[in-house]
Structure formats: C-alpha cells, structure tokens
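Chemist: Chains as they are written, first to last, in my numbering: chain C, 1 to 193; chain X, 1 to 175.
Just so you know, these hints were derived from the structure itself, not from any lab. Note that this is a predicted model, so its numbers are computed, not measured. Each residue gets a CB set at the ideal place from its N, CA and C atoms; glycine is no exception. It is possible that part of the hints are untrue.
[Claimed, not checked] Ranges between beta-carbon positions, derived for each pair:
#1 C:Arg-191 to X:Arg-73: 43 to 49 Å
#2 C:Val-181 to X:Thr-113: 30 to 36 Å
#3 C:Val-37 to X:Val-71: 22 to 28 Å
#4 C:Lys-83 to X:Leu-173: 39 to 45 Å
#5 X:Thr-113 to C:Val-37: 20 to 26 Å
#6 C:Val-173 to X:Ser-117: 36 to 42 Å
#7 X:Arg-73 to C:Phe-30: 41 to 47 Å
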Amino acid sequence: MNTIWLLVMCISVVFAVVNGRTEEFTKAMFEAGKAAVEICLYLLGIVSLWLGLTKILEESGLMHKLSNFFRPAIALVFGKIPKGHPAITSITLNLLANFLGIGNAATPLGIKAMEDLQTLNRRPDTVTFEMMLFIVINTSSIQLIPFTVIGLLASYGSSNPNWIFLPTFISTVISSITAVVILVIFKRCYRIS
Amino acid sequence: MNAITAAFQYVIPLFILLTIVYGFARGVSVYDSFVSGAKDGIGLIMGIFPYVLAIFLMVKTFQASGAHEFVKRVFSSVASPFNLPPEVFSVALVKPFSNAATLGIFTEVVKTTGPESLATLMSAVIMGSAETTFYVLAVYLGAVGIKRTKYLIPVCVTADIMGIIIAIIIVKLMS
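So that you can see chain C by itself, here it is in the shape it has in the complex (with noise of 0.2 Å):
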C-alpha cells in the first residue's frame, strides 16, 4: 500500500505540473478532506446502526442457534476435520459473521479459525488443503445483507437501494462455488506436477 500510494500522488503531481492544473491540485487536497469526513459520517451511522442491531442478535443466542444450525453443514465441506474438533466452531462462527456482514467480528474469529486448524497441521510453515478451502470460502464470502452498500446507496439519492440484495446474493453464492471449483483444479493439477 506504501508504494501504491507514494506511486500515484507522485505521477498526480506530475500530471498536475505538466497539464497547469497545479490551482485545481491543492484544491482536491482540500476538496478530500471534506469528502473523507463526509463518507465517515454517512458511514458512522451506517456501522453503527448495523451493530447495535447484531448486538442484540449476539445477545439473544440467535446467534448461537444460527451457528448450531450451520455446523453440521461446515463439517461436511470440511469433511477431514475430526467431529468436534474445535476448528468447525470458529469456521461457523467466522462465516457466520461474513454473512450478515460484521468484518470486524468476522477477523478475530477467522483468526481463531486458522489457530485451530493450525492444531491439526503436520507441518507448520506450509498451508493445509482445509485452510486453503477456509480461505477461499472466506474471500469469496457469502453476504446475506449487504448493509453498508445499501446504506451508501440511499444516502446518495438511490430510490431503490434494496435492488442491489438479490444481484449481490446469486453472484456471491456462485463466486463462493466457483471459487471451490477453481481450488480443487489447482489442488489436482498441484498433484499432477
């Protein structure tokens, strides 16, 4: 990211001097300061709305209830994971998390995730098939309820912010299968060479 960053203010600069649009560059400087602040807010309220709502989830158990039902379902995809090895219940609850959308309690729990698979690798500086398949699952995540998109869409003016929920569930359930597929190629192909 540093060099990405330091990388493109430069060649902005550069342009801005080349092209005489140094008044306009100094004013973008301050112009981003507005707009950072601006997104901040509109997002603050967004976040903080969608926590409180799954505080109340979290406290209630249905967040419990949801993992129970999930489980036997992760450890059939998780098939070489021994039955009741703790690493089924911090993948639920991590994917859990994706889910309905709360990235930050998703990476502790992610986290905790990879420390419990860790437990069941021969060789520890070299990535296991299951953490691999946790991975891939994990960044090509299933999102039920996309929060923060349909919030920003209806801060800026959208008349029907909720169109983007069932684009973003099919084309995430699919890039979440498609990406399975494409690991088990790679894994028979790795086999091969």
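The hints should help you fit chain X onto chain C, whose structure is shown.
Modeler: Leaving out everything else, chain X in the frame of chain C:
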C-alpha cells in the same frame, strides 16, 4: 424477476423485527443492547478515518491532475468492446486490497454517475460480493506463521477475477 426483487424489500424490515422481538422474548434489554453495540461503531469509524482520508487525498488529486482521464481512456478501450462502464474497473482493482479505498472510489462513482447508473449498480454488487482478499491472506496466514502457501495465491486471484466477471454478468442480466 420483479416480484422477487420486490420481495427483497422486506428483508431488512423483517430482519430487524425478528431480531428485536426474539431478543425481547429472550429477556434481552434490547434498547440497552442496541446502544452498546452501536457504540462500537464510533471506534471502528474513527479507526478507518485516517485510511479513508489518505485514499481520498490520492483519488481526488489524481482526478484533478488530469491523470485520471488518461487512465480512464485506457480503461474504456478495454471496456468498450464489452459495453462496460470504465468506472467498474477502478472498484474491481482496489477491492482485493483495501476496504477504505473501495469505499472512497465507490462514493466517487455514485457521485459522478448517479445512484442508479449501471456503473453504480455494478460497483455496488462487486463491493457486496468481493472481499479484501490480500488483506485476509496477510492477516490470516500471518497469524499462524504460514510461509509456504503452495497454490493458494493463484487460486485466490483466479477466484477474485471470476467473482468480478460473475457480478458484472449478473447485473447485466438483471438490469
């Protein structure tokens, strides 16, 4: 298709109703619980603000300097055979790296092309369905000290590209 889209309007209200009523039935003091959860939002946004600022500084000055038009021409020459709005590329390119950057670029797309343009809808679906892959890889693998990743990185990159293509196709089919 319209009926399904219309049905999705009820997802958020119903989700909220279910959450609150279930919480209340389970003896949770829902109001206090909501407030304490929402409080976490302040810290979270405060935490990302400097990142968002840095990205906006980059994006805004990039646009003002005229470099943006140059890059946009390059993108449009790639995008025009497929009839795609060039803005989609900027969102798709930064999404795997940083959430803050994607948010910054996404709001620029919404502001410049309007909240209901094809570019906005495609970017929105990409944002909702993709993840910050490289961030996840760095954090998750780093947490357990994995150094040999076998074929994981190529798989993630291929899957990301496929995911973006899928998102674009689905928005095209549905809009």
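Chemist: Would you pick out the hints that fail for this structure and give their numbers low to high?
Modeler: Going through the list in order, the structure violates hints 6 and 7 and respects the others.
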